Amino acid sequence: MTTAIGTTPGVEATRLTKVYGHGRTEVVAVKDVTLRVARGEIVALLGPSGAGKSTLLTAMALINPPTSGQIHIGGELVMDGPRALVDLRAFRRQHLGFVFQKANLIPFLNALENVQVALEINDVLPGTARERAMELLDYLGVGSRADNLPDALSGGEQQRVAVARALANRPSLILADEPTAALDSRRGRQVMELFAQVAHDRGTAVIVVTHDARALDVFDRIEEMEDGQLKSRQRNS
Amino acid sequence: MNLAVRDVRHNAGRFVFTSVGIGLLLMIVMGMGGIYRGLIFEATLLVDRVGADLWVVQGNTRGPFSEVSRLPANLEYRVRAVPGVLNARRFVSHTIQREHQGRPLRVVVQGLSWPEDKGDWVPIIAGRRLGQAHYEMIADRSLGLSLGEKVRLGKDVYQVVGLTQGMVGSGGDGLAFLTVSDAMAVQFDVPGEATRLERAARLARLENIDLGRVTPLLSERVVGPARELPALTPPQVSAILLTLRDGTDPARVAATLSTWPDVTVYSTQQQKDLLLSGMVDKARRQLGLFRTLLIIISTIIIALIIYTLTLDKIRDIALLKLIGARNRVIVGLIFQQALLMGAVGYGLAWWLGGYAFPHFPRLVVIEPSDLIQLAFIVAGISMLASLLGIWKALTVEANTVLAT
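Line by line, the protein sequences give chains A and B. Numbering (the numbering used here) for the first sequence: 1 to 237. Numbering (the numbering used here) for the second sequence: 1001 to 1404.
What the hints contain is simulated information worked out from the structure, not anything from laboratory work. It should be emphasised that the depicted structure is a prediction, and the values quoted were computed from it without experimental measurement. Take the hints with a grain of salt, since some may be wrong.
[Unchecked claim] With a cut-off of at most 20 Å between alpha-carbon atoms, the simulated SDA-like pairs for lysine to any residue come out as follows:
1. 102(A) to 1315(B)
2. 1150(B) to 1134(B)
3. 1118(B) to 1131(B)
4. 102(A) to 1397(B)
5. 102(A) to 1314(B)
6. 1392(B) to 1311(B)
7. 1282(B) to 1173(B)
8. 1272(B) to 1172(B)
9. 1392(B) to 1301(B)
10. 1150(B) to 1131(B)
11. 31(A) to 19(A)
12. 102(A) to 1312(B)
13. 102(A) to 1400(B)
14. 1118(B) to 1159(B)
15. 102(A) to 1399(B)
16. 1118(B) to 1086(B)
17. 1272(B) to 1037(B)
18. 1282(B) to 1067(B)
Extracted from the complex, chain B is given alone in its bound form (with noise of 0.2 Å):
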């Protein structure tokens, strides 16, 4: 006869409470693990699927995705020279923050260079990939926009010709795919005024010096598109993405890159060290801190639960201690419960979380080994929070019983 059973039979309403809470309390302690998860799979995702075997940054820099990398995009052409590169392409990422719609629109902006990556390798859920050089986009659908929409973005508006579904950046948002220079238009976009200013101070510091006065062409130049002004910096990417050819060993080429004292080279999986090292560490030490002091809550609202169970039950422990009962049935009755409770929450966790995870605004990502792992933990601590009902029971006296 099972008589942790038959008690939580008898005190259901109880123990159903509790472990409805504890399967709650379960419930984020699994969340947590799975926004971690997911904070991995979000960051490391884009990196995954642009699908680089080198990634050349700015030299002295640990890439885009740890601080701001700045190349002169005319780089694509020489690291094409380097012996085994079958393929370079400009990398241009940045987030942005617009008003649409009445509502604010945070968007990663990511660069294709095009017109060799048309955004074959985003997986498109309705439309198309980019078909031109300009104004097209294809948006994550977590963005809101739908397909056919037109969004501002600067001065130019961009059309929605595709979505994708799960590409968001490391920080959560929805990706936008643009042509590397649509992106940079985007990212480099400055009022009128202030092109007008800028022209004017331009102007200013050339007339402030001798050149200026005795070259009236190079005054007509200054307040001209900067584009034309050959001595202002080229436009600039944030990385250089390299495919080799087969069989190259990826090391010879950076190693030949790392000979260039203006980059620095990283293979994918350095890239993606790089960021899980950076900005995604304190993340993941936050949330397991979190995790913690949950479990340990949980333990002390299992063990006073359990405790208050047993108290309740006194007198019938010493009953059973009067007529016999050898300690180990009185544990397992306390253990048992402890146990089943840990379990139903455990279950309760799982099903709820099915339902309530989607709905997170982060990605959470529930991996078959964290659930083990959490199902490990909750067994050790309804152990651990039986022990204080088991010592209660333990140390009553089996003339307890007899006291009215």
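Extracted from the complex, chain A is given alone in its bound form (with noise of 0.2 Å):
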């Protein structure tokens, strides 16, 4: 299925502004951000170190609460300012999908089991979930190392295994930073058009933080950002 970018909402993130710390030790690390990415689309989020990109992902992750703004995610608004108005836990359960630099893979669980505890923890049966996370590893190409533990995988396969567990909950957003930091060129270039893919097929929004200039042809649009906001836009054709 080829989703074509549209206007159902994925995120939305409005005037959004982070503040740290207050006083004369007062940063702003996000000022005044309005981002919207719908179902579909891939973003690319880029800046030099320190310019809030991060701290914009992590807001939009419900992991690191907006000083100021609101954040719909799915048409629903979710933060309203610091306040939560739905359980940020379930609701990252079942709407968000994280992939960091590293691959974050819980050590001592399988690569098939690092996509299934993700399903499991949704309430998905253990069969229904070891079969959904078979799936996924497949579609990834990686099914074949389901049984490997994350120290026998490449830093690419891990990468691959990461995106499945993102997936795993069909998460209606994908937030990504920088998945490929630890990636050589090539399998850096596989993990970003992996993530096209899943934004395509699946119609999924995705945002990714990067540094890496080399894949940026496969994102529909990036935005750049600069001491804590949004200062330019492209959009690929």
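Two chains, two frames, some hints: make the complex.
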């Protein structure tokens, strides 16, 4: 299934501001940012270190509440300033997927179980979860490594398993923070292409924070941040 | 999917080593309880097996197991005249330590009231009961004596004609059953020189008074054997054991005897209670204190290991929170590990104890009720020990996973 980038809202951050500290130690990490990513759209978030990319991402991931502004996910208002309007952990479980610079796989679970655990946490029955996890690993090309512990997987394979885990509960939004930083350029590009494929095939909104300029062509849109604000925007044809 | 089991499998080495350590500690806890039970068993064994209905002991004393009790042996005949008494036996029991074949031999010498009591109630595992009035003994196997072996006790040599098992005194020393007269001979044995000195002293005392000078016959008598002196105390025993006629009310016989000012009467249960409340009570408290300390140490060790294991996977726990795991999943992970550690430790303690306890110098008696009680204690301390790890896990922020 290929979903055209549409108008269905994936995630929408409106006038988001995040301030750390107060008084003389106050730092404005994100300032009045408005960002909307539709379902089926993949957006790159670029910018120098300290630009506020990760803060924006973690705020949208519902693990770092904004100081002000609103966050809608799947059309639902979930954060109004620092106030959560839903059970955040349950919401993350059902609607969000995460991929990080490091794969962050659980070391005592094999590849299959790392995906399966995300499903079981969301109350999917073990048998179904196992089947579904295997399908995802196959889809991402690491089905043959299902029984391997993370230590036995290459960096690229680990990242694919992490993507499979992020996709497990069919999230409406995937947030990725420098997912290719630990990979060589070929594997890095493969992972970025994978995100694009996931976004377009599954209609998932994907936001990727990256420094890697070599694979920007896979993104539908590129947003650039500087000093806590979105500065420029570029849409790929 | 059971995360606890998978984590344990991944950290199998550390888990196994910790569990073995916990198991050894719990084995000692289990053993301490068993030693206490064994202490009670051994202490009350003789009182139980000897089969007396009433114990007559020296007046105003608590009997031979609590303090020195001395009664004239002929009291046996006096108590037989009390209505309801079927039989009376002299009870002699004392501990001696002798050198035998180059090693110390500590024996509880137990007198059997020959010829009525030949040791029929003693469980014989080899040989036979006593067959003659002198120079034979039935020895507990723990004394290390073999059948037919001869042992010098005092001036006489006694032959082991029977072996018994598990018959030990309250101090854990093996019992040797001799006839009462032999037991008393061993107890009151003094070297020949001491006897000669005593006779000379008697003569000197007699000559210091007029009576000695005017009665030469008396002078001849005092230098003779002590048993031939009517004025001296008759042979003394520790207690007289009474067997009552069927249907006799022990309280009634005890009431009769309690009117005699020179004796005190106890039932078997009273004698056991005195025994336990006296010498065993302190041991019980001491062992109880050790057990408590060991349980506290076990709790601290489990808590520290669980805490360390939790710290090791704190990023994984943060990740689980990030992807939406409920608290019960995280609590379950830690809690189950603590319980598993306790359960494995307990199982190991039980298994290792089965091999180790029979080699302990004192009897270790493990009762099923003690095992159940310890299982609950282990479950309790495992739960308690997991609290620190659970607290750490529940306070970690989901975004910890993003920290590099």
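Hint check:
1. 102(A) to 1315(B): 12 Å, holds
2. 1150(B) to 1134(B): Roughly 13 Å separates the two Cα atoms, so the pair holds.
3. 1118(B) to 1131(B): With Cα atoms ~7 Å apart, residue 1118(B) and residue 1131(B) stay inside 20 Å; holds.
4. 102(A) to 1397(B): This hinted pair holds, its Cα atoms lying about 18 Å apart.
5. 102(A) to 1314(B): 15 Å, holds
6. 1392(B) to 1311(B): With Cα atoms ~8 Å apart, residue 1392(B) and residue 1311(B) stay inside 20 Å; holds.
7. 1282(B) to 1173(B): 19 Å, holds
8. 1272(B) to 1172(B): It holds: about 16 Å lies between the C-alpha atoms, which stays within 20 Å.
9. 1392(B) to 1301(B): 17 Å, holds
10. 1150(B) to 1131(B): 16 Å, holds
11. 31(A) to 19(A): 8 Å, holds
12. 102(A) to 1312(B): With Cα atoms ~17 Å apart, residue 102(A) and residue 1312(B) stay inside 20 Å; holds.
13. 102(A) to 1400(B): This hinted pair holds, its Cα atoms lying about 13 Å apart.
14. 1118(B) to 1159(B): Since the Cα atoms of residue 1118(B) and residue 1159(B) sit roughly 15 Å apart, the hinted pair holds (cutoff 20 Å).
15. 102(A) to 1399(B): 14 Å, holds
16. 1118(B) to 1086(B): 18 Å, holds
17. 1272(B) to 1037(B): Answer holds: residue 1272(B) to residue 1037(B) is near 14 Å, not above 20 Å.
18. 1282(B) to 1067(B): 16 Å, holds
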